[in-house]
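Trainee: Same order as they appear, the protein sequences are chains A and B. This note's numbering puts the first residue of the first sequence at 87, with every later residue one more than the last. This note's numbering puts the first residue of the second sequence at -9, with every later residue one more than the last.
To be clear, the hints were calculated from the coordinates, so they are not data collected in a lab. Quick caveat, the model's predicted, so the values are computed rather than measured. For every residue, glycine included, the Cβ atom is placed at its ideal position computed from N, Cα and C. Hints may be right or wrong, so weigh each one.
To be verified - To give a feel for the contact side, a few chain A residues facing chain B, derived at Cβ under 7 angstroms: (1) L91; (2) L95; (3) G123; (4) T140; (5) Q142; (6) W147; (7) N149; (8) H151; (9) E153; (10) Q250; (11) A292.
This is what each chain is made of:
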Amino acid sequence: MLKLLLPGLLCTVAEKVLNPVVGMDPDAQSRLNRLQGKQFAVRLRGIPLRLVCTAQQNGIWLNSHDEPVDCSISADLSALRQLSDPSQLTRLIREDKLQIDGDLQTLQQFSQFFQQLNPDWQERLSVYLGDAAAYKIAGGIQLLQRRVQQSLQQTEQSCRELAQDELRLTPVAAEVQQFSNDVSAVAARTELLQRQLAGMLPQSQAFV
Amino acid sequence: MSEQQHSGTQDSTHFGFKTVARDEKVSMVANVFHSVAAKYDVMNDLMSLGIHRLWKRFTIDCSGVRPGQKVLDLAGGTGDLTALFSRRVGPTGQVILADINESMLNVGKDKLRDLGLVNNISYVQANAEALPFADNSFDIITIAFGLRNVTDKAAALRSMFRVLKPGGRLLVLEFSKPTEAWLSKVYDLYSFKLLPAMGQLVANDRESYQYLAESIRMHPDQDTLKQMMQQAGFAETSYHNLTGGIVALHRGYKF
Chain A
87 MLKLLLPGLL CTVAEKVLNP VVGMDPDAQS RLNRLQGKQF AVRLRGIPLR LVCTAQQNGI
147 WLNSHDEPVD CSISADLSAL RQLSDPSQLT RLIREDKLQI DGDLQTLQQF SQFFQQLNPD
207 WQERLSVYLG DAAAYKIAGG IQLLQRRVQQ SLQQTEQSCR ELAQDELRLT PVAAEVQQFS
267 NDVSAVAART ELLQRQLAGM LPQSQAFV
Chain B
-9 MSEQQHSGTQ DSTHFGFKTV ARDEKVSMVA NVFHSVAAKY DVMNDLMSLG IHRLWKRFTI
51 DCSGVRPGQK VLDLAGGTGD LTALFSRRVG PTGQVILADI NESMLNVGKD KLRDLGLVNN
111 ISYVQANAEA LPFADNSFDI ITIAFGLRNV TDKAAALRSM FRVLKPGGRL LVLEFSKPTE
171 AWLSKVYDLY SFKLLPAMGQ LVANDRESYQ YLAESIRMHP DQDTLKQMMQ QAGFAETSYH
231 NLTGGIVALH RGYKF
């Protein structure tokens, strides 16, 4: 009953989060002016929703419709995360993980806009908490951010090394087959030995 | 209920469940909206539990609005749709908020100014049956919860068709007929018992909200309105039932 209204709810919430963040970036306005009047649509594969972003002087406005826009992309979630690296575009398109219709420059401009978004949280916090407290909290958050980033990088590096080492140790299919054959041969010999032992047991009891 | 039954006879029309002279209806509806204007937004949120915002959002989605377009928000009242359109058409576009009722228009004007929306919005006091605009003026026309208050709906639809540009679209968001029998019963109970009581409590105005419930029942159902739009000249007409048909969004194009 509410299926048709869900995209609207999603867009409303997203706008309420996104536009205050844009407002906190003192440099966002000039970048937004360059994008003004441009529309960009994203369709995530597997989700029946096409999200349209309209850039205007006063913010980014979201809608969900199928009308023509300046640039539209259809991608899966993993491809979307790689869009920040322009060198990956050709590979993603070739692998059919990404489909682009329209003006590629608009896509790059929107991508740059979101990547360069750098909200001044400290300034906003200082309104409520005062300059000193805001400075300390912002410093703490930055420190935490750096540590989390370092920790993530280390984990990624460890995982990569582990995967590479394990790869060297992992047997190939032929080796697994050979091992399996050897195990079968040992099992057959053991069975034969068991039978021979069972035959010899009555004789040994006769001697006793 | 046929279109003729909805619009009354040549000399008379409906005002809720009452039959009144056509000339009288305009002033009676005007009195209702003069009375409710100040509390209109609060009552909308209360009565619909805020869902009216999602109905309006859906209308914007179906309009396919683009930067630079010219939009007429007819019977725009307190300007909810105008605000959504204004942000999307940008400085190269224009939104005209039109309403026959001066009190509603003033509330809308104040609200939009408070939101900082001033550059691309104009205000016009206009009767939907005789729109004071040149032919082929607008890319999009919307009328949200307004058509049922218009005395001659067919004339209003013809007038909208005239001022719409070829290729433009009309969106009519209006209360309609619930599609499920159980919902219809719950809705009747809500509209005729709870709604007037809420009107009395919040806006100190029981009669206006009694009229609201009655006028919804007298409004054409989904298929009748679609037919009326076709008769006015609109092509590719369609509608979406929202919240089980309590509200329907009709869309038609001028080609």
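Trainee: If you take the shortest Cβ to Cβ gap from A:Q142 to chain B, is it below 7 angstroms?
Mentor: holds (4 angstroms)
Trainee: So, A:Q250 near chain B? Judge it on the closest CB pair being under 7 angstroms.
Mentor: Violated: closest Cβ of chain B sits about 49 angstroms from A:Q250, beyond 7 angstroms.
Trainee: Does A:N149 hold up as a contact with chain B if the rule is Cβ-Cβ below 7 angstroms?
Mentor: Holds, because the Cβ-Cβ distance from A:N149 to chain B comes to roughly 5 angstroms (cut-off 7 angstroms).
Trainee: If you take the shortest Cβ to Cβ gap from A:E153 to chain B, is it below 7 angstroms?
Mentor: holds (4 angstroms)
Trainee: Mind checking the CB of A:W147 against every CB in chain B and telling me if the closest is under 7 angstroms?
Mentor: holds (5 angstroms)
Trainee: Holds or violated: the hint that A:A292 contacts chain B, with Cβ atoms closer than 7 angstroms.
Mentor: Check failed: Cβ of A:A292 comes no nearer than 91 angstroms to chain B, outside 7 angstroms.
Trainee: Given A:G123 was flagged as interface, is its beta-carbon under 7 angstroms from a beta-carbon of chain B?
Mentor: Interface hint status for A:G123: holds (4 angstroms vs cutoff 7 angstroms).
Trainee: Next item in the hint list is A:L91. Is there a CB on chain B closer than 7 angstroms to its CB?
Mentor: Since chain B brings a Cβ to about 4 angstroms from A:L91, closer than 7 angstroms, the hint holds.
Trainee: Closer than 7 angstroms between Cβ atoms is the bar; does A:L95 clear it against chain B? Give me holds or violated.
Mentor: holds (6 angstroms)
Trainee: When the nearest CB of chain B is found for A:H151, is that gap smaller than 7 angstroms?
Mentor: holds (5 angstroms)
Trainee: Hold the hint about A:T140 up to the distance rule: shortest CB distance to chain B must be less than 7 angstroms.
Mentor: holds (5 angstroms)
Hint compliance for this structure: hints 10 and 11 are broken, all remaining hints hold.
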